[in-house]
Amino acid sequence: MKDKRVLYVSSEVIPYLPETEISSMSFEAPRMINNNGGQIRIFMPRYGNINERRHQLHEVIRLSGMNLVINDLDMPLIIKVASIPKERIQVYFIDNEDYFKRKATYADEDGNFYKDNDERAIFFAKGVIETVKKLNWAPDIIHVHGWLASFLPLYLRNYYGNEPLFENSKIVTSVYNQGFEGTLAKNTIDKVRFDAIDDGAITELEEPNYVNLMKIAVKNSDAVIIGSAEIPKELEDFINTLDKPVLKYHNMENFSQAYLDFYSAKVLK
Numbered sequence: 001m002k003d004k005r006v007l008y009v010s011s012e013v014i015p016y017l018p019e020t021e022i023s024s025m026s027f028e029a030p031r032m033i034n035n036n037g038g039q040i041r042i043f044m045p046r047y048g049n050i051n052e053r054r055h056q057l058h059e060v061i062r063l064s065g066m067n068l069v070i071n072d073l074d075m076p077l078i079i080k081v082a083s084i085p086k087e088r089i090q091v092y093f094i095d096n097e098d099y100f101k102r103k104a105t106y107a108d109e110d111g112n113f114y115k116d117n118d119e120r121a122i123f124f125a126k127g128v129i130e131t132v133k134k135l136n137w138a139p140d141i142i143h144v145h146g147w148l149a150s151f152l153p154l155y156l157r158n159y160y161g162n163e164p165l166f167e168n169s170k171i172v173t174s175v176y177n178q179g180f181e182g183t184l185a186k187n188t189i190d191k192v193r194f195d196a197i198d199d200g201a202i203t204e205l206e207e208p209n210y211v212n213l214m215k216i217a218v219k220n221s222d223a224v225i226i227g228s229a230e231i232p233k234e235l236e237d238f239i240n241t242l243d244k245p246v247l248k249y250h251n252m253e254n255f256s257q258a259y260l261d262f263y264s265a266k267v268l269k
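full-length UniProt numbering applies: residue 1 is where the sequence shown begins, and numbers increase by one.
Everything labelled a hint here was simulated from the structure, so no lab data went into it. Treat each hint with caution, since some may be false.
As the list claims (entries may be wrong) - In silico lysine-lysine, DSSO-like type, Cα no more than 30 Å apart, as pairs:
| hint | residue 1 | residue 2 |
| --- | --- | --- |
| 1 | K191 | K244 |
| 2 | K269 | K2 |
| 3 | K4 | K266 |
| 4 | K115 | K233 |
| 5 | K4 | K219 |
| 6 | K233 | K266 |
| 7 | K269 | K134 |
| 8 | K269 | K244 |
| 9 | K103 | K186 |
Please work from the sequences and hints to get the whole structure.
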C-alpha cells in the first residue's frame with residue numbers, strides 16, 4: 001500500500017465519538033494504512049456533540065464557503081479539521097449550521113430519529129466529494145463506513161459519474177450490524193431524484209430503511225467488507241448475489257493483514 005491514497009468516509013470516528021465497531025475501525029484502518037506507507041484522508045460529520053475546543057477543531061477557510069443544493073435549498077458547506085493526538089492523522093469535518101449544530105448524532109434526547117437524516121446524509125456525501133475535489137486529491141480507494149455515509153457510493157457513481165478526479169477510484173463499503181429502526185423520511189427518494197439520479201438506481205429508496213440504504217451502497221461499490229460478526233440476513237443474502245469481492249468479518253485484533261491483502265489483491269487488482 002506504499003504511496004496508495006485511501007479516503008475514509010465515516011459516520012463515526014474515535015476519539016471524536018464514543019467507541020463502536022464503526023468508530024473504532026474508522027480510526028484503526030486509516031492508522032494501519034498510515035503505518036504501512038499509504039496516504040490517507042478521513043472525513044466525518046461535525047455533529048454538535050463533538051467538543052470543538054477539546055479536540056481543537058478549526059475551520060479551513062479555503063475549503064469552506066461553497067453552497068450545496070439539497071432538495072432545491074442552498075446549504076452552506078463549512079469544513080473543519082483536527083489532528084488525532086499522538087497520530088500523524090488529520091480528520092476533516094463536514095459541517096452545516098442547520099444539519100449538524102444539534103447536540104447529538106442521529107436522534108434527539110428522547111430517542112426520536114431526526115426527520116432530516118436523509119438530507120444530512122446527502123449533504124455529507126456531496127460535501128465530502130466537493131471537498132476532495134477542492135483538495136485535488138485523487139484517491140485510489142474510497143472506503144465507506146456507517147449508514148450516514150452510505151449515499152456516497154450512489155452519488156459518486158451517478159451524480160459525479162463523469163468527474164475525472166475519481167475515474168480510477170475503487171469504492172469499498174463496510175457493512176455493520178449498526179443501523180437504525182424504521183425508515184428515513186418517506187420522501188427521501190424524491191430528494192435523490194431531484195439530483196437527476198435515475199430511478200433504476202434507487203428503487204430500494206421506496207422503503208428507505210437501513211438494509212435498503214446499505215443495498216444501494218454496496219450495489220455502487222467495487223468491493224464489500226463485512227464489519228460485524230453478524231449482519232442482517234437480508235443484507236447478507238443480497239451481498240452473496242453480487243459478483244464483487246467480499247472480505248469476511250475480521251475482529252479488531254487480526255484485521256490488519258486481511259485488509260492489506262484485500263485492498264492490494266482484490267480491490268486494486
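* **Indices of hints not satisfied (ascending)** => none
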